[in-house]
Amino acid sequence: MLEIKNLTKYYGDIRGIEKLNLTINKGEIFGFIGPNGAGKSTTIKCIMNQINPTSGEIYINKVINDKNDLKLKKMIGYLPDEVHLYDDLTVSEMLEYSNSFYKRNYSKRIKYLVEKLNIDTTKKIEELSLGNLKKVGIVLAMMHEPKILVLDEATSGLDPLIKETFYELLLEEKAKGTTIFFSSHNLSELKRICDRVGIVKDGHLVAVDSIKELTNNHLQIITVVSKDILKIKKELNQDIISQDNNELKFIFKDDINILIKLLCNYKIEKVLMEDPSIEDIFMHYYK
Amino acid sequence: MLKRELKINRKGLIIWTIVGLFLFSITYITYFNMDMSETSKSINDMLAVMPKEILKMFNMDIVGIDTVFGWFKTEGYTFITLITCLYAAILGSNILLKEESDKTIEFLHSKPITRSNIVSAKIWCGLINIGIMFAVLTLFNISGMVLSDDLHLKLLLMLSLAPMATAIPLFFVCMLISTFFNKTSKVNGIGIGLVFVSYFLQLVSAINDNVNFLKYFSLFTLSDGRDIITNNSLNFTSLIISVIIIIISVGGIYYRYNRKELV
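Chains A and B are the protein sequences, given in the same order.
Letter by letter, the first sequence follows residues 0 to 286 in numbering that gives the first Met the number 0.
Letter by letter, the second sequence follows residues 0 to 262 in numbering that gives the first Met the number 0.
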């Protein structure tokens, strides 16, 4: 449904993203995660044709994503990280204005979303809190029943109850076959709703897999307590998560027997082996 | 989208038009209440001691200001040109760029319209607003002249509408300049600066023949009132140059905006 091929974007000499390749299938919720400056927003702006890629292409339904192709534009719903709308309009006027860009009348759909998200449509845009503005942004992105939803930090500013409603809406969309590109910092929500997750670092996609596979890729979180912890640490060549007095916590990515052999040489007080959480995986890729 | 654009820009249009109407009203009221036989003499005495260059700058060497239409042909014409050009420059600087400056372009650009559609709606809105401003000021001045019993309709219409030959190219030039920026603050300064530099160059070029060439660097030359007053007709060369500037600017706006990074 959404295919990104060798997408590269440089801002002068500064790298935005480099040779990013990604295919997102119809009806899939794809999580896109990475720290600030990793290239998430650049990727989204390229998908939305707000900026021009240095090289590479984006395809939607195997058609090149041309900014003048109105058929493609109708297929996409977009929720930016920060929602900026026209302050002089009321919510209801804003929604009507958005509806005016489509030949079809989406008032029923708008009404459904407004009720679901509990939005006061009589308020002026300038009076809205950040969370309420985000809710209006969600309606604007979903009102025309798009085939692809591009969501940038969709839940930031939303209260927990509305977040739940929003996840429900996303799952409804997924059931209809909508493809959802979901950029987020919130690992637990990605774990909850995404089919697959892509981790972006320094402009490169460093991992793409399902949450299940990512957390089951032979990585282990090891906690060792020993008076010889400094010597053990020296011999280990692994990603250290934390060190506190005689306790060392690290990600172990090799054959576990190697670790056991190594630990046999020291006096160990305690060893704990755990499966990694999504947070641990994220940290592993980012160290 | 055009309807929405007209609504957004209505407030600015009303304010600028009211400023224009207010200043013309003061002049008409002043002339209505003047005893012209005495005032004419004192005005002529005052003009007699003024340097010829200064009189030439405001066309007062060829027209007296002892009548309201005489005032209109000199200072009134300069005033219409300045106020409409300032409005056109500010409108051109903001109309497209404001969407980016306010970041509402993220919403607008996600809707099923092309960038060219956005530019077209903004251009039409700008032209309609400038047209309305000229129409209101012209009708007001016709009424003022009728009440003053000093109506010369053909010349009044030419003088009232000729500043469009500067205002409209200025609108497009400022709009084109705005496609090179992402914030309105800088472009506003450039637009207003362009108006005053143009005005200054035209004034200076009138003082001395040695610097007469400076008028070719001024957009105000495109609607030179002196030509209209002396020839009683519009300068078609200037009109053609205006049209050429408009065509080049419009082409540039569409080209630039379709390639612009909307960040």
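A hint or two may mislead.
Unchecked claim - Result set (DSBU-like, lysine-lysine): computed pairs, CA atoms no more than 30 Å apart in a straight line:
#1 A/K233 with A/K190
#2 A/K211 with A/K190
#3 B/K6 with A/K70
#4 B/K97 with B/K259
#5 B/K97 with B/K153
#6 A/K226 with A/K260
#7 B/K6 with A/K73
#8 A/K175 with A/K115
#9 A/K110 with B/K102
#10 B/K102 with A/K18
#11 A/K173 with A/K190
#12 B/K185 with A/K102
#13 A/K102 with B/K102
#14 A/K123 with B/K102
#15 A/K200 with A/K232
#16 B/K2 with A/K66
#17 A/K4 with B/K2
#18 B/K110 with B/K97
#19 A/K115 with A/K4
#20 B/K51 with A/K102
Unchecked claim - Facing chain A, a subset of chain B residues (Cβ under 10 Å, in silico):
#21 H108
#22 S115
#23 S119
#24 G130
#25 I131
Keep in mind that the hints were calculated from the coordinates and are not lab data.
These figures come from a predicted structure and were not determined experimentally.
Glycine included, each C-beta is placed from N, C-alpha and C at the ideal position.
Hint-by-hint comparison with the structure:
no., hint, in the structure
1, A/K233 with A/K190, "violated (34 Å)"
2, A/K211 with A/K190, "holds (9 Å)"
3, B/K6 with A/K70, "holds (28 Å)"
4, B/K97 with B/K259, "holds (14 Å)"
5, B/K97 with B/K153, "violated (39 Å)"
6, A/K226 with A/K260, "holds (17 Å)"
7, B/K6 with A/K73, "holds (26 Å)"
8, A/K175 with A/K115, "holds (18 Å)"
9, A/K110 with B/K102, "holds (26 Å)"
10, B/K102 with A/K18, "holds (28 Å)"
11, A/K173 with A/K190, "holds (16 Å)"
12, B/K185 with A/K102, "violated (38 Å)"
13, A/K102 with B/K102, "holds (25 Å)"
14, A/K123 with B/K102, "holds (18 Å)"
15, A/K200 with A/K232, "holds (26 Å)"
16, B/K2 with A/K66, "holds (24 Å)"
17, A/K4 with B/K2, "violated (40 Å)"
18, B/K110 with B/K97, "holds (17 Å)"
19, A/K115 with A/K4, "violated (37 Å)"
20, B/K51 with A/K102, "violated (65 Å)"
21, H108, "holds (6 Å)"
22, S115, "holds (8 Å)"
23, S119, "violated (13 Å)"
24, G130, "violated (23 Å)"
25, I131, "violated (20 Å)"
Violated hints for the displayed structure, listed by number in ascending order: 1, 5, 12, 17, 19, 20, 23, 24 and 25.
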